[in-house]
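Kindly produce the complete structure, drawing on both the sequences and the hints.
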Amino acid sequence: MSKLSFLLRAGLVGAVAGMAAGGAANAQLERAVQVAQQSTEAGQQSQDRVEQLDDSRTDLAREYRAVLQQIESQRLFVDQQRVFLRSQQNEIESLQAQIGRVENVKVELLPMMREMVDNLANFVELDLPFNMVERQERVQRLYDNLDDAEVSVAERYRVILNAYEIEASYGRGINAYEGPLTEGGEDVVDFLRIGRLMLIYSRKDADEYGYWDRESGSWQPLPGNYGLELSKAFRIARNAAAPEILLAPVPGPVQAEYQAAAPLPPQSSAPAPSAPPAAPAEEGTEEGANEASAEGAEASENTEGGDAADNQ
8 MSKLSFLLRA GLVGAVAGMA AGGAANAQLE RAVQVAQQST EAGQQSQDRV EQLDDSRTDL
68 AREYRAVLQQ IESQRLFVDQ QRVFLRSQQN EIESLQAQIG RVENVKVELL PMMREMVDNL
128 ANFVELDLPF NMVERQERVQ RLYDNLDDAE VSVAERYRVI LNAYEIEASY GRGINAYEGP
188 LTEGGEDVVD FLRIGRLMLI YSRKDADEYG YWDRESGSWQ PLPGNYGLEL SKAFRIARNA
248 AAPEILLAPV PGPVQAEYQA AAPLPPQSSA PAPSAPPAAP AEEGTEEGAN EASAEGAEAS
308 ENTEGGDAAD NQ
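The sequence shown begins at 8 in the working numbering and counts up one residue at a time.
Since the hints were derived computationally from the structure, they do not count as laboratory data. Even for Gly, the Cβ is constructed at its ideal location relative to N, Cα and C.
What follows is a list of derived Cβ distance ranges for each label pair: (1) 130 <-> 104: 34 to 40 angstroms; (2) 177 <-> 101: 35 to 41 angstroms; (3) 110 <-> 76: 50 to 56 angstroms; (4) 257 <-> 144: 26 to 32 angstroms.
Below, the structure is given as structure tokens:
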């Protein structure tokens with residue numbers, strides 16, 4: 008009996024001791040788990056911090072590259088502005104030099120403008136006699152502007168160029184108008200101007216046509232077979248008919264006559280150089296050709312009106 012009691016007490020003591028040992032192991036396990044969780048959380052926080060630092064580094068690197076690009080752009084802009092400044096400085100120096108020559112330009116410009124007006128007046132007098140009153144009055148206004156001290160040099164030059172443009176426009180297209188056949192006369196006729204090639208008149212009361220002969224400086228009659236084509240030309244010039252190809256008496260081409268150059272003088276007895284230049288022969292030939300061209304142009308002007316009559 009006593010032995011059984013001893014065994015029971017021993018079993019109870021072992022159970023209590025085992026329970027005490029198991030509780031200590033559980034406590035250690037729980038502490039180990041807590042330490043592991045704390046380590047994991049600390050590692051996660053460290054990883055988050057590392058990622059934040061990496062993102063910050065990436066942003067800083069991107070901003071750094073952007074700043075470098077802006078610096079390069081600013082450098083190129085500054086270099087370009089320096090080029091512009093040099094160009095503007097050169098332009099300023101050029102303008103200052105031109106301003107310094109203004110007085111000389113004025114001195115040279117006034118005689119040139121008067122010469123331009125004189126040339127225009129001579130051209131009007133030698134041209135076909137159309138709209139003579141209007142054209143001569145325009146030339147006279149140019150002379151008045153040249154003598155008017157209140158008109159600026161720029162305005163004088165502008166008016167002269169405008170007059171030249173108006174005269175140049177007469178050489179394009181055709182025009183029909185009416186006026187006296189002779190200056191101050193009462194015989195009113197219809198005029199047809201074909202550029203600057205021909206000036207033709209038509210009488211209102213008769214089927215009569217004539218043209219201005221440059222060579223003789225007078226009006227010459229035209230054959231009646233041009234009547235139909237000229238009537239058509241008058242209608243086209245007045246915008247009463249659609250433009251079309253028509254036959255009209257115009258001056259024909261004039262072939263210039265060539266005059267041979269004078270023969271070269273005989274060579275002297277002096278010894279010739281090893282490589283004689285050919286400039287004298289070429290100069291003489293060119294001079295002769297220029298003289299022939301000038302005489303051909305003069306012959307063309309003198310025979311222009313005669314060729315118009317011959318073409319009829």
